[in-house]
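Please build the complete structure, drawing on both the sequences and the hints.
End of the sequence shown sits at 194 in the UniProt record's numbering; the numbers just go up one at a time, nothing left out.
In case anyone wonders, no lab produced these hints; they're calculated from the structure. By construction, the Cβ of each residue, glycine as well, lies at the ideal position given by its N, Cα and C atoms. Misleading hints may appear alongside valid ones.
Here are the computed lysine to aspartate or glutamate pairs in the DMTMM-like style, where the Cα-Cα straight-line distance is at most 25 Å [unchecked claim]: (1) 39 - 86; (2) 42 - 64; (3) 71 - 35; (4) 93 - 81; (5) 26 - 92; (6) 93 - 35; (7) 60 - 81; (8) 71 - 34; (9) 26 - 64; (10) 39 - 83; (11) 93 - 34; (12) 71 - 89; (13) 95 - 83.
Estimated spans, in silico, between C-beta atoms of each pair [as the list claims (entries may be wrong)]: (14) 21 - 141: 49 to 55 Å; (15) 62 - 24: 16 to 22 Å; (16) 39 - 129: 47 to 53 Å; (17) 58 - 26: 22 to 28 Å; (18) 55 - 135: 41 to 47 Å; (19) 43 - 90: 26 to 32 Å; (20) 47 - 93: 27 to 33 Å; (21) 144 - 60: 54 to 60 Å.
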Amino acid sequence: MAKATASTTDVNQAKSLAISFINSNKGKPLLLADEYVFKLNKNTTTTKYWIRTLNGCPAKVHTDLNSQFIKIVGDHNHFSEKEQLEVREFREKVKQRAIHETTPIHLFHSRFNRRVQVNHPNIWSFIKFLQGEENRFHHIYIQFTAGLGARPKQAETIAIQRRIDTLDKRYYDGAMNAMEYLGGLSFTVAKRKK
Numbered sequence: 001m002a003k004a005t006a007s008t009t010d011v012n013q014a015k016s017l018a019i020s021f022i023n024s025n026k027g028k029p030l031l032l033a034d035e036y037v038f039k040l041n042k043n044t045t046t047t048k049y050w051i052r053t054l055n056g057c058p059a060k061v062h063t064d065l066n067s068q069f070i071k072i073v074g075d076h077n078h079f080s081e082k083e084q085l086e087v088r089e090f091r092e093k094v095k096q097r098a099i100h101e102t103t104p105i106h107l108f109h110s111r112f113n114r115r116v117q118v119n120h121p122n123i124w125s126f127i128k129f130l131q132g133e134e135n136r137f138h139h140i141y142i143q144f145t146a147g148l149g150a151r152p153k154q155a156e157t158i159a160i161q162r163r164i165d166t167l168d169k170r171y172y173d174g175a176m177n178a179m180e181y182l183g184g185l186s187f188t189v190a191k192r193k194k
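Here's what the structure looks like:
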């Protein structure tokens, strides 16, 4: 970011105005003055004319070809954009740092992943599980919106549901106590190794 201190002989202007420059997203220069952002409108043989980036604002800045402040023309019809200016400056610094950074990014990420995995080994399996469930739900949603009905239950699922219904009936009829009911449910629902 280039800095320039300006001076003027105009009585209506401030005696000195600090201006600086950053690049736009397209790589073009933007002038920063009094927490306002200006873009280059045109060049002449002696002067650069800057207009506000905000449409409808009549304020303009004139600088010489060496980017030394000459004068401000017009008044702003809105408040300054201090927060947006800070964001622009931060983004510019990040871009410049990314361009000039010497640390390989992939090494940083793999090192970070190793450290997190050592300290939190189950978080990754949990995240993978959530991703799988999200994929499954997304596919089911697409199938339902396309008009496909629910899949028919498999014989094993029907058998497990019958066992659970039988345990429910026996428990609510008083034929078994809570521990027997929970034990029966655990044997019914537990996955069998194949």
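Results for each hint:
1. 39 - 86: holds, 17 Å
2. 42 - 64: holds, 12 Å
3. 71 - 35: holds, 16 Å
4. 93 - 81: Holds, because 18 Å separates the two Cα atoms, which is no more than 25 Å.
5. 26 - 92: holds, 12 Å
6. 93 - 35: holds, 17 Å
7. 60 - 81: holds, 16 Å
8. 71 - 34: holds, 13 Å
9. 26 - 64: Answer holds: residue 26 to residue 64 is near 23 Å, not above 25 Å.
10. 39 - 83: Between residue 39 and residue 83 the Cα gap is close to 18 Å, so the pair holds against 25 Å.
11. 93 - 34: Holds - the C-alpha atoms of residue 34 and residue 93 are around 20 Å apart, at most 25 Å.
12. 71 - 89: Cα-Cα ~24 Å, so holds.
13. 95 - 83: Measuring from Cα to Cα gives roughly 18 Å; hence the hint holds.
14. 21 - 141: 49 to 55 Å: The hinted range 49 to 55 Å holds for residue 21 and residue 141, with Cβ atoms some 50 Å apart.
15. 62 - 24: 16 to 22 Å: About 20 Å separates the Cβ atoms of residue 62 and residue 24, which means 16 to 22 Å holds.
16. 39 - 129: 47 to 53 Å: Once the Cβ atoms are compared, 50 Å apart, the range 47 to 53 Å for residue 129 and residue 39 holds.
17. 58 - 26: 22 to 28 Å: About 24 Å separates the Cβ atoms of residue 58 and residue 26, which means 22 to 28 Å holds.
18. 55 - 135: 41 to 47 Å: holds, 44 Å
19. 43 - 90: 26 to 32 Å: Given range 26 to 32 Å: holds, Cβ gap about 29 Å.
20. 47 - 93: 27 to 33 Å: Hint holds: Cβ distance 30 Å, inside 27 to 33 Å.
21. 144 - 60: 54 to 60 Å: Since residue 144 and residue 60 have Cβ atoms about 59 Å apart, the given range 54 to 60 Å holds.
Hint check: no violations occur; every hint is consistent with the structure.
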